[in-house]
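Participant: Sequence:
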Amino acid sequence: MFTGIVQGLGTLVARQDSGGVRQLRIGLPEGRGAGLVVGASVAINGVCLTVVKHDGDEACFDVIDETLRLTNLGTLDVGATVNVERAARFGDEIGGHVLSGHIMGLASVIAVEARDANLEVVFETPAALHKYLLPKGYAAFNGVSLTLGETIQNGRCSVHLIPETRRLTTFGSARVGDQLNLEVDAQTQAIVDTVERVLAERL
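So in our numbering, spot 145 of the sequence shown is number 159, and the numbers just go up one at a time.
Hint data in this document are derived by calculation from the structure and do not stem from the laboratory.
The beta-carbon is built from N, C-alpha and C at its ideal position, and this holds for glycine as well.
Check each hint, because a few of them may be wrong.
[Stated by the list, open to error] Pairwise CB distance ranges (calculated):
| id | residue 1 | residue 2 | range |
| --- | --- | --- | --- |
| 1 | E44 | K67 | 12 to 22 Å |
| 2 | L217 | V92 | 46 to 56 Å |
| 3 | V206 | A128 | 26 to 36 Å |
| 4 | V92 | I124 | 26 to 36 Å |
Generate the whole structure from the sequences, applying the supplied hints.
Facilitator: Here's what the structure looks like:
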């Protein structure tokens, strides 16, 4: 389980393909390798990955073809910057919202507009996910828990970012055309699906 509160930026140090699996070696934010063990879960750009090797603040993750196809991990080149979050533990403060690390689609950045210290980013999202993206609701983009803005129309939604979020995450370098991993809020998804099912049964 994750919370969408990114703990810092990591760097893709190396990648190697073998037998349908790509191994990513990620340099974690300083100190984030402490206590890490093989088998631990870490969210990389919001994707839940399992540690297969680690050495200090570097960790290796095996990524299968399906994950490479469905997420932006397949497009990462060596030197790329990624959002990193260690799995939540019992007793941790939940500052964002509960995330599984299972990506549901890709959101395309179609506008980036800076206003003084604030940054607005507008996304085009997959049609199948539109019904789960509600004004002032939650979603995670590249593993960052964010509140959606008021401009939800035709699958487009906006988020507004404070300087601290831009500093700690890849949103600091967001550009038009970027493809970000999207995970909708599980509670919103459950409510919408339940209401749809109940209404369908009444017809």
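Participant: For each hint, tell me whether it holds in the structure or not.
Facilitator: We went through each hint and held it up to the structure:
1. E44 - K67: 12 to 22 Å: Taking Cβ atoms as reference, E44 and K67 lie about 19 Å apart, which means the hint holds.
2. L217 - V92: 46 to 56 Å: 54 Å Cβ-Cβ, so the 46 to 56 Å window holds.
3. V206 - A128: 26 to 36 Å: holds, 33 Å
4. V92 - I124: 26 to 36 Å: holds, 28 Å
Of the hints listed earlier, there is not a single one the structure fails to meet.
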